[in-house]
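Engineer: As given, the protein sequences belong to chains A and B, one line each in that order.
Our numbering puts the first residue of the first sequence at 13, with every later residue one more than the last.
Our numbering puts the first residue of the second sequence at 13, with every later residue one more than the last.
Wrong hints could be hidden among the right ones.
Copies of the same chain are indistinguishable here, so a pair counts whether it falls within one copy or spans any two.
[Claimed, not checked] Derived pair list, reagent style DSS-like, types lysine-lysine, alpha-carbon separation capped at 25 angstroms:
{"#": "1", "residue 1": "Lys128", "residue 2": "Lys224"}
{"#": "2", "residue 1": "Lys111", "residue 2": "Lys121"}
{"#": "3", "residue 1": "Lys39", "residue 2": "Lys72"}
{"#": "4", "residue 1": "Lys39", "residue 2": "Lys57"}
{"#": "5", "residue 1": "Lys202", "residue 2": "Lys224"}
{"#": "6", "residue 1": "Lys202", "residue 2": "Lys100"}
{"#": "7", "residue 1": "Lys32", "residue 2": "Lys72"}
{"#": "8", "residue 1": "Lys111", "residue 2": "Lys100"}
{"#": "9", "residue 1": "Lys102", "residue 2": "Lys44"}
{"#": "10", "residue 1": "Lys44", "residue 2": "Lys32"}
{"#": "11", "residue 1": "Lys202", "residue 2": "Lys228"}
{"#": "12", "residue 1": "Lys128", "residue 2": "Lys32"}
{"#": "13", "residue 1": "Lys224", "residue 2": "Lys72"}
Rather than coming from a laboratory, the hints here were simulated on the basis of the structure.
Protein chains: 2
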Amino acid sequence: MITSTLKTRPTSRAEDTRRKIYEAALKLFREKGFEQTTMRDIAAKAGVALGAAYYYFASKEAIVLAFYQEMQEDSHEAILEALRGRRKLKDRLRYVLEKRLELLAPNRKFCDALFKHAPDASDPLSPFSTEARPIRERAIEHLRAALAGGDVKVTSDLEPHLPYLLWLYQMAIILFWLYDRSLRQERTEKLIDRSLTLLINLLRLSGLPLMKPLRKAALGLVGAVAVAD
Amino acid sequence: MITSTLKTRPTSRAEDTRRKIYEAALKLFREKGFEQTTMRDIAAKAGVALGAAYYYFASKEAIVLAFYQEMQEDSHEAILEALRGRRKLKDRLRYVLEKRLELLAPNRKFCDALFKHAPDASDPLSPFSTEARPIRERAIEHLRAALAGGDVKVTSDLEPHLPYLLWLYQMAIILFWLYDRSLRQERTEKLIDRSLTLLINLLRLSGLPLMKPLRKAALGLVGAVAVAD
Numbered sequence: 013m014i015t016s017t018l019k020t021r022p023t024s025r026a027e028d029t030r031r032k033i034y035e036a037a038l039k040l041f042r043e044k045g046f047e048q049t050t051m052r053d054i055a056a057k058a059g060v061a062l063g064a065a066y067y068y069f070a071s072k073e074a075i076v077l078a079f080y081q082e083m084q085e086d087s088h089e090a091i092l093e094a095l096r097g098r099r100k101l102k103d104r105l106r107y108v109l110e111k112r113l114e115l116l117a118p119n120r121k122f123c124d125a126l127f128k129h130a131p132d133a134s135d136p137l138s139p140f141s142t143e144a145r146p147i148r149e150r151a152i153e154h155l156r157a158a159l160a161g162g163d164v165k166v167t168s169d170l171e172p173h174l175p176y177l178l179w180l181y182q183m184a185i186i187l188f189w190l191y192d193r194s195l196r197q198e199r200t201e202k203l204i205d206r207s208l209t210l211l212i213n214l215l216r217l218s219g220l221p222l223m224k225p226l227r228k229a230a231l232g233l234v235g236a237v238a239v240a241d
Numbered sequence: 013m014i015t016s017t018l019k020t021r022p023t024s025r026a027e028d029t030r031r032k033i034y035e036a037a038l039k040l041f042r043e044k045g046f047e048q049t050t051m052r053d054i055a056a057k058a059g060v061a062l063g064a065a066y067y068y069f070a071s072k073e074a075i076v077l078a079f080y081q082e083m084q085e086d087s088h089e090a091i092l093e094a095l096r097g098r099r100k101l102k103d104r105l106r107y108v109l110e111k112r113l114e115l116l117a118p119n120r121k122f123c124d125a126l127f128k129h130a131p132d133a134s135d136p137l138s139p140f141s142t143e144a145r146p147i148r149e150r151a152i153e154h155l156r157a158a159l160a161g162g163d164v165k166v167t168s169d170l171e172p173h174l175p176y177l178l179w180l181y182q183m184a185i186i187l188f189w190l191y192d193r194s195l196r197q198e199r200t201e202k203l204i205d206r207s208l209t210l211l212i213n214l215l216r217l218s219g220l221p222l223m224k225p226l227r228k229a230a231l232g233l234v235g236a237v238a239v240a241d
């Protein structure tokens with residue numbers, strides 16, 4: 013269903029080589045783990061010279077970023093398309109969250125290993141880093157699209173900030189899922205369902221006049237946790 | 013102000029030795045990092061045989077747990093005492109959170125390194141582990157005490173679950189603080205202030221009849237994230 017933009021583009025020899033290095037790296041990250049894999053291992057596995065590997069990717073971190081980026085770009089149209097068929101905000105947000113987990117699933121193990129980079133915004137592999145900005149913005153865009161066409165009206169003060177807050181929420185869900193040892197990650201499914209119920213309830217109430225101090229407090233909080241970019 | 017229970021107890025030679033090993037370990041964790049320190053290094057630094065080190069602590073993980081435990085026990089009375097002088101819930105919660113950060117501060121660097129163990133409940137160093145249960149329960153107790161004597165009335169359905177939810181919130185604050193590179197961790201201070209404002213607002217409103225579905229949704233969420241112990 014998901015087609016790779018790289019695969020459907022007319023391939024050139026350079027792209028073939030880049031792809032070979034990329035696939036070899038992901039395979040090694042899954043097998044040996046990210047930390048244990050070197051650029052030398054990747055070049056060897058791909059059957060290219062070390063210099064060639066570095067020509068395409070400045071570091072193994074760059075390969076991980078390319079993986080996240082590709083995951084975002086490849087799923088972009090499919091996500092927007094799927095949202096067109098869903099009206100309820102809960103279904104729309106659930107779809108975006110579950111799609112994200114579905115895309116991460118084949119590489120769950122190395123994403124798990126990467127998690128320790130996550131909270132440090134100065135680490136390029138952190139979702140909060142400058143390097144990850146285009147990836148982050150795509151993810152936020154999907155959440156913005158889910159919000160915009162749903163059946164819950166959001167007040168104009170909250171509206172511009174909600175996609176980013178939802179993205180932080182999505183990060184928390186991914187973290188929970190990475191460490192969810194339950195069968196078929198049933199606990200994550202439950203968490204998504206219940207947290208979305210809470211969220212939708214909160215959003216529905218948030219428009220009431222008596223909720224204004226709450227909205228103001230929430231917006232104050234946004235200022236304290238926003239990514240500086 | 014904070015007195016160590018271990019230090020004030022009548023010391024025996026065994027306790028001196030245990031203490032020596034414990035202090036040597038913390039010093040090494042701070043200097044070399046937790047992962048890079050071995051039990052052999054710890055024994056050498058403490059000037060005891062490796063067997064002696066193992067006699068007192070089954071592993072370096074056990075030393076970290078002893079550190080957290082001691083931090084909790086040593087601060088217990090001081091926290092309860094300080095709460096007696098504070099009436100506003102916001103001040104009470106702020107005190108508990110800031111006290112926790114103050115206690116962690118001298119070992120911030122190795123706590124940071126330990127963070128990657130946090131989300132995996134099967135890891136003894138995770139705050140969610142069975143091994144960490146007594147430490148977790150003490151922390152939850154402090155939050156329960158802060159809630160109980162404050163100026164905000166909580167409905168009886170929420171009341172038993174709030175201390176645990178506040179503890180999850182405290183974990184998020186600690187995580188933010190560990191990676192806060194701002195001067196004197198000013199961003200964390202701001203985050204605490206604003207998130208507490210939001211929380212208090214939410215608690216004040218939560219008792220209203222129209223908030224019942226929200227409370228029900230919040231309680232549903234608790235079931236999905238509770239530690240299984």
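Engineer: Against this structure, judge whether each hint is valid.
Structural biologist: Against the structure, the hints come out as follows:
1. Lys128 x Lys224: Cα proximity of Lys128 and Lys224: none, with 37 angstroms in one copy and 38 angstroms across.
2. Lys111 x Lys121: Answer is within; shortest intra-copy Cα gap is 17 angstroms, inter-copy 36 angstroms.
3. Lys39 x Lys72: within (13 angstroms within a copy, 33 angstroms between copies)
4. Lys39 x Lys57: Classified as within; 9 angstroms inside a copy, 42 angstroms across copies.
5. Lys202 x Lys224: between (30 angstroms within a copy, 21 angstroms between copies)
6. Lys202 x Lys100: within (18 angstroms within a copy, 35 angstroms between copies)
7. Lys32 x Lys72: within (14 angstroms within a copy, 42 angstroms between copies)
8. Lys111 x Lys100: Cα proximity of Lys111 and Lys100: one copy only (17 angstroms, versus 44 angstroms across).
9. Lys102 x Lys44: neither (38 angstroms within a copy, 48 angstroms between copies)
10. Lys44 x Lys32: within (18 angstroms within a copy, 39 angstroms between copies)
11. Lys202 x Lys228: Close across copies (15 angstroms), not inside one copy (30 angstroms); limit 25 angstroms.
12. Lys128 x Lys32: Answer is neither; intra-copy 27 angstroms and inter-copy 31 angstroms both fail.
13. Lys224 x Lys72: Neither: 47 angstroms inside a copy, 50 angstroms across copies.
Of the hints listed earlier, those the structure fails to meet are numbers 1, 9, 12, 13, in rising order.
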